[in-house]
Amino acid sequence: MTNIISILKQAAQKYADFPYLVEKQDRYRSKSFKIVYEEARYMARYFLSLGFPRQTPVALLSEGRSSWVIVEYGLLMAGLISVPLSIRLLPEEVLFRLIHSGARGIVVSANTVDLILDILPKLKQQNFHIIYLDNDTEKVLAKLHGLPNEFRLVSFEKALEHGRQLVEYETQLENSITQICEDDIVTISYTSGTTGNPKGIMLTHHNYVTNCQDAAALFPVPIGWRTLVILPCDHSFAHTVNIYAPLLRGIAVHFIDMRGGKASVLKNLPVNLMEVKPHFLLTVPALSGNFMKMIRDGIKKKGIVASTIFNIGLNCGIRYNGNGYQRPPLFSRILNFLPYKFADIVVFRKVRSIFGGNIAFCIGGGALLDISQQEFFHTIGIPIFQGYGLTEAAPVVSSNTVKKYKLGTSGVIAPSVKCKILLPNGNEAKTGQTGEIVIEGPNVMKGYFKNPQATAKIIKQGWLYTGDLGYIDSDGFLVIVGREKALLISKEGEKYSPEEIEEAILNSSSLITQVMVYNDHRRYTSALITLDSGTVYRLARQKHIQNPEKLLKEIESSLLSFEHINEYKGRFPSNWIPSTFQIIRGQFSEKNKMVNSTMKLVRYKICKAYHDRIEYMYTKEGAFVLNEKNIAECNHLLNQIR
0 MTNIISILKQ AAQKYADFPY LVEKQDRYRS KSFKIVYEEA RYMARYFLSL
50 GFPRQTPVAL LSEGRSSWVI VEYGLLMAGL ISVPLSIRLL PEEVLFRLIH
100 SGARGIVVSA NTVDLILDIL PKLKQQNFHI IYLDNDTEKV LAKLHGLPNE
150 FRLVSFEKAL EHGRQLVEYE TQLENSITQI CEDDIVTISY TSGTTGNPKG
200 IMLTHHNYVT NCQDAAALFP VPIGWRTLVI LPCDHSFAHT VNIYAPLLRG
250 IAVHFIDMRG GKASVLKNLP VNLMEVKPHF LLTVPALSGN FMKMIRDGIK
300 KKGIVASTIF NIGLNCGIRY NGNGYQRPPL FSRILNFLPY KFADIVVFRK
350 VRSIFGGNIA FCIGGGALLD ISQQEFFHTI GIPIFQGYGL TEAAPVVSSN
400 TVKKYKLGTS GVIAPSVKCK ILLPNGNEAK TGQTGEIVIE GPNVMKGYFK
450 NPQATAKIIK QGWLYTGDLG YIDSDGFLVI VGREKALLIS KEGEKYSPEE
500 IEEAILNSSS LITQVMVYND HRRYTSALIT LDSGTVYRLA RQKHIQNPEK
550 LLKEIESSLL SFEHINEYKG RFPSNWIPST FQIIRGQFSE KNKMVNSTMK
600 LVRYKICKAY HDRIEYMYTK EGAFVLNEKN IAECNHLLNQ IR
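Numbering (numbering that gives the first Met the number 0), first residue to last: 0 to 641.
Just so you know, these hints were derived from the structure itself, not from any lab. Hints may contain errors.
Stated by the list, open to error - SDA-like mimics (lysine to any residue), calculated; alpha carbons at most 20 Å apart, straight line:
1) K340 <-> A359
2) K590 <-> K340
3) K349 <-> I311
4) K340 <-> L286
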């Protein structure tokens with residue numbers, strides 16, 4: 000199998016009537032592997048009728064749904080390129096990607112069409128095609144009327160029906176599929192830009208096929224399992240592991256109900272989990288962190304007895320399991336076994352039921368997952384097998400697996416991938432030495448679209464220089480330390496990753512919702528924080544706090560509370576722990592572009608937006624937590640409850 004379409008064809012034969020794509024409309028409606036293959040062929044005929052040259056880009060801007068996948072397969076059969084876009088992008092960001100990629104069309108839904116209508120007048124592309132995945136096309140046509148350029152709109156259903164009737168294109172379709180070679184570009188995926196301007200990552204059929212095979216080798220799940228797609232389809236992790244890899248195992252892919260737009264996800268997720276009863280999920284730290292908070296809050300509401308059983312059981316379970324690879328001493332296991340198993344029967348089993356009751360594990364990616372999250376979910380019986388990857392690597396590089404895992408690591412290297420750790424002097428690191436993660440393999444991207452200079456900087460003699468720091472431990476597990484460009488750098492040039500400190504603060508503080516730790520060649524480390532205003536209000540009422548200085552002391556104490564938790568005590572050198580901070584009103588959000596679609600901090604944008612506040616922390620006054628700007632923010636909070 001050399002391309003995605005050959006895998007799809009094989010799945011249509013091998014798992015013909017198995018459900019493949021399932022989405023909730025008035026009820027759950029599924030399309031089998033055979034039907035998806037047939038409908039993709041109809042879409043391919045439609046695209047061929049448009050006369051686009053081979054390897055012409057077409058963008059997709061929609062929430063995950065069956066038609067999104069079918070359209071993309073149709074594009075690939077017709078020899079075209081898919082440009083998957085995040086529905087959370089701003090209009091100008093979508094416009095940049097359409098112009099940069101040279102897209103000749105776009106696929107949109109009712110949730111995203113208005114965004115496109117806003118930017119169409121700025122598109123200079125003639126005969127630009129819009130495929131609309133919903134049915135109220137007349138409404139959209141009325142809005143298109145009067146625009147200067149010629150834009151052609153067709154609904155998905157009409158395009159599908161048109162393709163069904165275009166039997167005269169069948170020979171051309173067969174030729175198109177035959178001409179697909181492993182080096183053809185499948186997608187141009189734009190980076191989320193957490194460290195700079197977005198680049199178009201070209202991934203080929205060979206990249207995707209080998210990465211899917213690696214994913215299936217790491218997780219040889221039973222044929223016919225179910226999963227629920229929570230991550231957006233444009234996310235490379237979801238694209239490969241949730242959409243393409245299921246072709247190898249006959250997996251039923253259910254989409255979260257997004258009728259009502261982005262805001263409906265959190266509301267529909269608990270319901271969809273109970274309805275779908277997935278066997279596994281893909282997750283990212285921000286999402287699993289929300290799950291963890293939801294579980295803890297739910298247990299707290301059950302009262303003191305349930306909370307006590309849960310907390311004792313959790314602590315005993317963590318001690319009983321160890322890191323999953325090396326078992327704790329027998330005495331420790333015997334000592335912790337009964338309270339752990341009691342909590343499992345009384346509480347943990349009920350927690351698992353909110354995920355539908357069939358959940359075997361989650362696969363984690365997207366960012367560094369704190370070990371406390373791994374321990375938490377492993378203990379309650381829903382292990383998160385953390386992996387490591389990046390879009391430039393299609394994206395899977397390594398993962399913990401059911402048979403081989405070690406908490407606190409990103410697992411073992413995928414079968415087809417070679418990985419080495421390079422020191423700053425260019426020498427290969429020894430076991431346990433931290434350096435840049437460099438990989439080579441069939442999953443390494445073709446390059447950055449229209450950007451040979453950037454490609455040459457990251458790919459050298461076939462090796463991909465990831466910019467991420469890590470090491471291989473003595474057991475062969477990859478451990479991620481952080482991103483080179485996100486590092487804290489002391490005045491003396493010493494470097495340290497901020498992510499573990501940020502996770503420690505967030506996991507121990509009840510008041511702080513977001514934190515960005517900062518040090519760029521400065522005398523000391525600082526932080527920007529956002530607060531959970533509801534929790535702050537409750538604390539102020541409970542403790543009868545009326546003056547801002549006292550509230551500020553509580554916030555400072557909450558920020559540093561991780562230092563009193565055994566897990567973090569003495570873990571971080573003191574010079575990297577924030578000695579001052581600034582309270583930021585509101586939250587870092589996708590709306591203000593301070594976080595990306597996977598909820599990772601976009602550090603360079605935060606630094607730019609809050610440049611003055613950062614500089615203030617290195618003044619004589621701002622060096623102390625008790626400063627006029629923080630007092631003003633605390634006054635603002637207290638005024639809300641006075």
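(request) For the pair we were handed, K590 and K340, check the Cα-Cα distance against 20 Å. (result) Cα-Cα ~44 Å, so violated.
(message) Can you confirm whether the C-alpha distance between K340 and L286 stays at or below 20 Å?
(response) 27 Å, violated
(request) Quickly compare the C-alpha distance for K340 and A359 to 20 Å and report which way the hint goes. (result) 18 Å, holds
(message) Check whether the Cα positions of K349 and I311 lie no farther apart than 20 Å.
(response) 16 Å, holds
Consistency note: the structure conflicts with the earlier hints numbered 2, 4.
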